[in-house]
Structures are given as structure tokens and as C-alpha cells.
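Since the structure of chain V is provided, determine the placement of chain U on it from the hints.
Those protein sequences? They're chains V and U, same order as listed. Taking this note's numbering, the leading residue of the first sequence gets 1, the next gets one more, and so forth. Taking this note's numbering, the leading residue of the second sequence gets 1, the next gets one more, and so forth.
Just so you know, these hints were derived from the structure itself, not from any lab. This structure is a prediction, so every number in the text was calculated from the model and none was measured. Built from N, CA and C at the ideal position, the CB exists for glycine as well. All clues stand as given, with none of them false.
Derived CB-CB ranges, DEER-like: (1) P28/U x L178/V: 51 to 57 angstroms; (2) P26/V x R364/U: 56 to 62 angstroms; (3) P56/V x R155/U: 50 to 56 angstroms; (4) T248/U x E282/V: 27 to 33 angstroms; (5) G96/V x N24/U: 53 to 59 angstroms; (6) R359/U x A95/V: 24 to 30 angstroms.
Read off the chains here:
Protein chains: 2
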Amino acid sequence: MNHRNQVDPAEITEVLKTVLRKGNEPVPLHEPCFAGREWDYVKDCLDSGYVSSVGPYVERFERELARFTGAKYAAAAVNGTSALQICLKLAGVRAGDEVIVPALTFVATANAVCYCGAIPHLADSETESLGIDGEKLAGYLKETTRLRNGVCWNRRTDRPIRALVAMHTFGHPVQLDLISRVCGDYGLALVEDAAESLGSYYKNLHTGNFGKLSALSFNGNKIVTTGGGGAILTNDEALYREAKHLTTTAKLPHRWAFLHDEVGYNYRMPNLNAALGCAQLEQMEKFLRLKRALAEEYRSAFAGMPGIRFFPEPSYARSNYWLNTLILSEENASLRDPILEDTNDHGIQTRPVWTLMSRLPMFRDSPRMDLSTAESLEKRIINLPSSARLGEPYAKPESSGSS
Amino acid sequence: MNHRNQVDPAEITEVLKTVLRKGNEPVPLHEPCFAGREWDYVKDCLDSGYVSSVGPYVERFERELARFTGAKYAAAAVNGTSALQICLKLAGVRAGDEVIVPALTFVATANAVCYCGAIPHLADSETESLGIDGEKLAGYLKETTRLRNGVCWNRRTDRPIRALVAMHTFGHPVQLDLISRVCGDYGLALVEDAAESLGSYYKNLHTGNFGKLSALSFNGNKIVTTGGGGAILTNDEALYREAKHLTTTAKLPHRWAFLHDEVGYNYRMPNLNAALGCAQLEQMEKFLRLKRALAEEYRSAFAGMPGIRFFPEPSYARSNYWLNTLILSEENASLRDPILEDTNDHGIQTRPVWTLMSRLPMFRDSPRMDLSTAESLEKRIINLPSSARLGEPYAKPESSGSS
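Isolated chain V, as found in the complex (with noise of 0.2 angstroms):
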């Protein structure tokens, strides 16, 4: 290796240090910010005892989201992997289908699958936004399959590919025009997986609103929380119906009679955290800029570094920045494991992205395309503390709103 281009875990250390100005205090990979009403609202919570599936929390958390995002339509749900098997069955997924979905994601992605029956296949990555490679993919769709009657029919598998969940990877969009035009082409339902990217835009439209249906995660680590807590957006008000349906067992309308017409899930959020939520889409704005100030931070750190690069938002995009990234050149991939003990050993919380479906056991066999450029990510990446308030030093001062 040229030594000149040799990356050195204790310098990445020092450069963290300096832009985290944390000095020896531990620093989490990411960690919400109750700096709103969250008190205020978790309180009239237990005060009026509307704490689980009926009260106003709900309802309001739902709008907020619709219009913040710009979809018609946002019905909760207790998590962001419950919405995405939501998703997934309302957008027609049966058992035996297979649904193509990135190597390179959390496991909740493919799992989602697996609860509707359906078999994960697993698709590449380009390396602009890190989510599905679509032009790779059309290739090997042309090859692979054949369309029967509109449905796009695996000929190695024999069964039919009905979806496509494309997911934004650590909040970039992925490229959704391409994405479209292949799920068009083959007849696949296309579903967002948008459990990182609430707050990301692809072209000045919010994620979420390309996919028939779109997940998003409010886990306690993503730019806002709701304790647990996903949604899922649509704007296709049948779909909407359908959705809060399902995720309320099914039942219907009635002063008192239990009547339910479908197999439904117990998947509604709860008040109190819809409650948190409220408060916390509140600050959407503020964690938005304090999260690209952060951004730009690391980027100019690392700027001048050989061997490693600070992940960029897409050319195409703006994203929330949901979790920073540095990616090491090839020659220097050996260096992610030390980069994460020493970094981890100073107290500042990094880690390496998840390990390929490819390569769990649960999905060995599923059927897959090339995985080349998705297997050489998965040894380089490396996420950095993300957490809004580590932005402040660098934030400007909110806009006064007189512009």
C-alpha cells in the first residue's frame, strides 16, 4: 500500500475529538433531543389518562406528519418494521412471492417480507446513494425474469416478483426516478422503505411519496423518536383506509359489537408516544439544520484525507443526514476494524453498517443478483455520532423568518 495514502485510526480519533469537542465524555451514535413540549404533552397524556389507542395524540401526530412530509395520507403504527409489513401486504404481497429488496439494509427490511410469507431477493447497491443500483438491477431483471400476464415472473424460482422496497440509506434517497421507471417496466409494486430519511428529499419532494406505500421508524434513535414508533404514508386514500384498518385489528365501526372482517394486526400507536411525537415534529426544523451543520462539520474534517471520504448527499437530493458516514478506499478496508476499536475505545460510538442479508443465515438462500459493489461497501463504511445537539456549535442561529 502507499503509505502516503494509509489511513491512521488514531488520527481519525483526533479529528472526531476536535469536531465533537466532547473532550472524555462519552458520545452515543445517536441520541434524540427532548429540547420541545415533550413534558408538556406526555403529561396531559396521564393527566386526562388517554395514554394507549384512544385520544387526540394519535390523530394530530398523523396530520402533522401528512403535512410535513406532503403525503395525502399518514396513518401511525407501534413500529417502523410493523408499517413496512403493512406496506408490503397492501401493496399486494402474498405468500410465495418474492419482493426484491437491498443486501445492503437492516434486517427489518427483509424481515418484513418474511412475515407476509414472501421470499427476500436481494439487490445491489450503487454507490451515489448507497440504496438499490437500478440500472443494475433492469440488466438483470431483463435476464432473469419474464413478464407473464403484467407480472414479473422469476424463471430461475419459478414464483412472481410483486414489489420493490427501496430504501433510503442512512437518510439519502436513492435514485426514485430510475427505481420508478424499473418497477414500472416490470411491473413491481414499489414501496419506500423511509424508516431514515424522514426529512429527505429527493428532487424538492419528501421521500415517502414515490412508493405506493412508504414506512417510516420513530425508534429512539432516528431524527425524531416516539419512544417506538413508525407510520406508514400514502396518497391513495383507499390505501390510507386499508392501512388503519389493518393496523387496528380490523375492526369495524360499531357502537359496541366486536365485528372484524379481515386477519388485522394490534399495530396502532399508543397516545403517549404519539404524544412525544407531536412534540417532536415540532423540532424538525431545528434538528434538520443542526444535523446538516453537523454534516458539513465531518466533511470539511475529512476533506483533506487520504484513503477515507466523508459520504456525501446525493448530487440529486437533500438529505436529513440521519447518520454520518465515512467510506474508506478499497486499499484501506482492513483498517475499518481498528478504526472502530480505537474510536470506540475513546468513548465516541461509531460502528460499521449492517451486515449483509446475503450473509445471515436466515437468508442464504434467497435468491440475489451480483452483490459485488454492496459486499465492498459493507467492508468500508463506518458511521459517526449523529445526534442533532452535537451540531450546535456550528449551526447558524435560526432564521429570524423576517427574510
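What follows is chain U alone, placed relative to chain V:
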């Protein structure tokens, strides 16, 4: 009909008004009571930032649940339905199996069976507990099944019957000795749906200790609530570990790597919800005392009324009286809806029992035994307002603890 035995809906409403002492104030069926340290614990979550999957309240809640129920292990879950799904999976239920469930239950019991790809097989009720009639079931299984290598095989459907879910209706413990014996005789794994029976004892042992695994619920209408939540009880350490593993995405412990060794679930309870649960559990003895006093008041208020009776705990059990229950005589069954109407019109929330699973469209083809008792009960049950605080006028003051 003998006029002397005819129930008068207006009279029922008057009796309820007297017991409830609420004047014209509306009385919900069951509302939670936050009179303990709920605020302190929830605020602690917000102050510490631990609202989600990390935080000390989940473990504390699990410890307190185990202590209270006497079960060796408790694993908190996102709700009771999810807990039951995991119980069934760990009891060995697989796609294509049948599982015995009561026809008279909330839909979640049967849905959880479906989530495993299994088929609910509906059983009749007896009238002492309203739960599964073990004697009748034994006769039915003898006639319709045979044992093959220790597995109960349904001769009519040619499918294995893998497990039985015993549900403790309205908190009243089912005849567990009898049910356990039937399960033993026919090689069925016993799972308790104890969603309604926290605080209920079968012959001095808390419900949830008889099944291989048992599910609790802390939905907003339960005796204690976490907003939404549930738990899995077991006395088997290996099953407990698997329950924790499955409810937390089957992730293997590692300093940073994302390794998952099977298709797991995002079913852990958030710390925020567990905090509420810890405060609620501290008040269990009080809630039980108040609810028992209310039940006693209902019992005595309806003692002299012909054509209708208050449903008492079974002779062998001590019930939490989660939902107080009236049962009409057969000749008064047609008055169920007029009574529901009159009471609800007067702001007293009453409700009928759940529609039998056998009458819901998605279970229309489910295998079943004769369900005549459940069918008769369905027409005659009325649940009464049962919040703990309604017992306040009738409860003896808390014992001083000096006895």
C-alpha cells in the same frame, strides 16, 4: 315469558347508577388510574433521554412482573398480541398446524395463531369460568383425532393440532387442572392467554404459570397499562432467552456488528412505556382491592333480580375481576341489546362479549367442535364499567401492614 322473570332495561340502568354513584357523569368501561409514581418515572425517561429500546425501566418492569406473578421469567413486549405470537412460535407452532383456541375470545387470540401460518381450531366454553370446556374438548378430541408419534392429528383435516391457548375470560381463571390434563393426554403445548388475568390466581398460583409460555397485556383498558404493551411469562430459562432474542430482531450480542441468526421481530417494549408500567405495578394490590370491592357491590346489587345474574369468580379461583359481567337467563337473551342501548344512552358504558370467532368471516372455515354453550353465552353477556376507582366508595381502607 313469565312476566315475573322479565328483566327491565331501565331497572338495570337504575341499579348501575346507584352502584356507580356518578350522577350524569359518563362512566367508561375501564379507564386507567395514574395515582402513583407515573409522572416521576416517565419524566425520568425524558430527562435521561432513554425512551426507546435502551433504558433501565424495561428490565425493572420485567423483574417486577416476574416477582408479582411468581413466574421465573418475564419478557416485555410491544403488546399482548405480539407476546402471544411469540409464545405460540416458541411452543412449536408452525405453518399448517392447528391450534385450539376458545370461540369465545377477543380476536387477537385467533389472529396470533394466523400470524404463525397456523389455523385456529375453535373450542366451546363451560359456564363456571367462560373458558374452554376441558371435558367436552377431551370427548371431541377422542372422537376426531389420533396420536401419531406423540402428535395429535386431526383426522378430519389431516393436520397436526400442535397447541392449545387457554384464555382467562374477563380475568376469571379457566379450569387449568383439567385443561392441563387434556393437553398432556393429547400432546398439545399449553399456552395461556393471560391478557386479562394479571392478578388472578388459580388455586393460589398466579395465572400464567401453567402454560409452557403465557402472554400478558397492558393495553389501556387492562388492570395496569403501559399505553400499549404486553409480556411473555415462562418458567423455562431457555424459552425466556429465546423470547428475548426473538422480540429483539434475533440480534447476537456484539460490540458493533449487526448479526442476526433468524427471522426475528421488533417487539420489544419501549423504555417510556415500561416506566409507566413500573409505576402501575406498584399499585396492583390497591387496584385488586378496589376492583374486588366493586365486584362485590355489583354482586349484591343484582342478587335479588330475576332473569339476570352477576357472574362470580369460579369456586377454585381468585379473580382480578378485570371486567365485571352480567349474564341474562336464556329467556331474557333478547333484552341484551335493549339493555346495552339504555345503559349506553345514559352514559354508562357497557358492552356485549366479543363476536364468536366462528361467526367472523376470516374464521368461517376454521375447524370447530360443537359450540352451543359459547353460542348461548354470546347472546347473554353484558360487561359493566370496571375501573378500579369505581370501587373506592366500597373498599375497606388499606391494611396498616401491622397484622
